[in-house]
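Can you build the whole structure from these sequences, using the hints too?
Protein chains: 2
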Amino acid sequence: MDENCIFCKIINGQIPSTKIYENDYVYAFLDIMPVNKGHTLVVPKKHSKNLLEDDVEDLKHCVEAVQKIAPAIVRAVEADGFNLGVNTNKAAGQAVFHTHFHIIPRHEEDGLRPWPQRKYDEGEIDPVKEKIIKALEK
Amino acid sequence: MDENCIFCKIINGQIPSTKIYENDYVYAFLDIMPVNKGHTLVVPKKHSKNLLEDDVEDLKHCVEAVQKIAPAIVRAVEADGFNLGVNTNKAAGQAVFHTHFHIIPRHEEDGLRPWPQRKYDEGEIDPVKEKIIKALEK
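Which chain is which? The protein sequence lines are V and Z, in order.
Under numbering that gives the first Met the number 0, the first residue of the first sequence carries the number 0, and numbering increases by one thereafter.
Under numbering that gives the first Met the number 0, the first residue of the second sequence carries the number 0, and numbering increases by one thereafter.
Don't read these hints as lab results, they were simulated from the structure.
Glycine included, every Cβ here is placed at the ideal spot set by N, Cα and C.
Each hint should be verified, as a subset may be incorrect.
Listed below are the simulated BS3-like cross-link pairs for lysine-lysine, each with C-alpha atoms no more than 30 Å apart in a straight line [to be verified]:
no. : chain 1 : residue 1 : chain 2 : residue 2
1   : Z       : K36       : V       : K133
2   : Z       : K130      : V       : K67
3   : V       : K130      : Z       : K45
4   : V       : K128      : Z       : K137
5   : Z       : K133      : V       : K8
6   : V       : K36       : Z       : K8
7   : V       : K130      : Z       : K128
8   : Z       : K36       : Z       : K48
9   : V       : K18       : Z       : K36
10  : Z       : K137      : Z       : K89
11  : Z       : K8        : V       : K45
12  : V       : K133      : Z       : K8
13  : Z       : K36       : V       : K130
From chain Z, some residues computed to sit far from chain V (all C-beta separations above 10 Å) [stated by the list, open to error]:
no. : residue
14  : E2
15  : C4
16  : I5
17  : K44
18  : D53
19  : V95
20  : D125
Next up, the structure:
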C-alpha cells in the first residue's frame with residue numbers, strides 16, 4: 000500500500016471503482032475514461048510503480064486474470080477482439096504509477112489506427128541486436 | 000509446431016530472424032517493421048493462435064522474459080520507457096496468428112499518440128459492468 004497511490008486507494012475501497020473481478024492477488028475495474036466501452040484495468044494488489052518493479056509472481060497472476068477476464072469483456076460488449084497493453088514510464092503514456100494492464104475491447108472498423116511502422120536501413124538492424132544482447136549480459 | 004505458421008518457422012530456424020533472447024519456452028527477436036528501433040517480439044515456442052488459447056504457463060514464461068528483456072532494450076536504444084502489447088484477433092490488429100508480445104521502446108516526444116479516450120454517459124457504466132460480471136460467471 001502506497002498512501003499516495005490512487006490505485007491502492009481503489010483496491011482498499013477508499014476510492015470507489017466499478018469492480019468487475021478480484022482475487023487474492025489482482026483487482027480489475029472499468030477505466031472511467033475508456034478507449035472503447037468495457038476498457039478494463041487489471042492491477043496487482045501489491046503496489047509497485049511499474050512492470051519492471053513487480054514481483055514476477057504478481058505479473059503472472061495478472062496474465063492469468065487477463066486470460067480469464069478478457070473473453071468475458073469481449074462477449075459482454077460484443078467485441079471482435081482486444082488489445083492488452085502495459086505502459087511503462089511517462090514516455091510510454093503511463094499516467095498512474097501503479098502497474099496496470101489495459102484490456103481494450105476492439106470492434107472491426109472502430110477507427111483506432113495502429114502506430115506507423117518503418118523499415119531498418121541496410122545494415123542497421125544488427126548493431127541494434129548486438130547492443131541489446133550486450134545489455135542483457137549486464 | 001504449425002507448419003503454416005511463420006513464427007513457428009522462425010523459432011525452428013527455417014526462416015531467419017534477428018534473435019535477441021531464447022530459453023526453453025520463449026523466443027525473442029526484432030520486429031523487422033519496427034514502430035521504434037529495438038521493437039521486439041516475444042513469442043511462446045509452443046504454437047497457439049492467440050493469447051486466449053495459450054497454456055497459462057506459457058504466458059507466464061512470456062511475462063517473465065519481458066521483465067528480463069525490456070530493460071535491456073530500453074538501455075540499448077537509450078529509450079525512456081516502453082509499451083508492452085498483445086493484439087488478439089484481426090480487429091485488434093493481430094496479423095500473425097501465433098501469440099506474440101510486442102515490446103516497443105519509447106522516447107519522450109517520439110510523436111506516437113495514445114488512442115483517444117471518452118467518458119461514459121450518465122448511467123452507462125453500470126450495465127457494462129453487470130454484463131461483464133454475468134459473462135464471467137459462464
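Cross-check of the supplied hints:
| no. | hint | verdict |
| --- | --- | --- |
| 1 | K36(Z) / K133(V) | holds, 16 Å |
| 2 | K130(Z) / K67(V) | holds, 15 Å |
| 3 | K130(V) / K45(Z) | holds, 28 Å |
| 4 | K128(V) / K137(Z) | violated, 45 Å |
| 5 | K133(Z) / K8(V) | holds, 26 Å |
| 6 | K36(V) / K8(Z) | violated, 37 Å |
| 7 | K130(V) / K128(Z) | violated, 45 Å |
| 8 | K36(Z) / K48(Z) | holds, 26 Å |
| 9 | K18(V) / K36(Z) | violated, 38 Å |
| 10 | K137(Z) / K89(Z) | holds, 25 Å |
| 11 | K8(Z) / K45(V) | violated, 39 Å |
| 12 | K133(V) / K8(Z) | holds, 26 Å |
| 13 | K36(Z) / K130(V) | holds, 12 Å |
| 14 | E2 | holds, 25 Å |
| 15 | C4 | holds, 19 Å |
| 16 | I5 | holds, 16 Å |
| 17 | K44 | holds, 17 Å |
| 18 | D53 | violated, 8 Å |
| 19 | V95 | holds, 13 Å |
| 20 | D125 | violated, 7 Å |
Hints 4, 6, 7, 9, 11, 18 and 20 from the earlier list are contradicted by this structure; the remaining hints agree with it.
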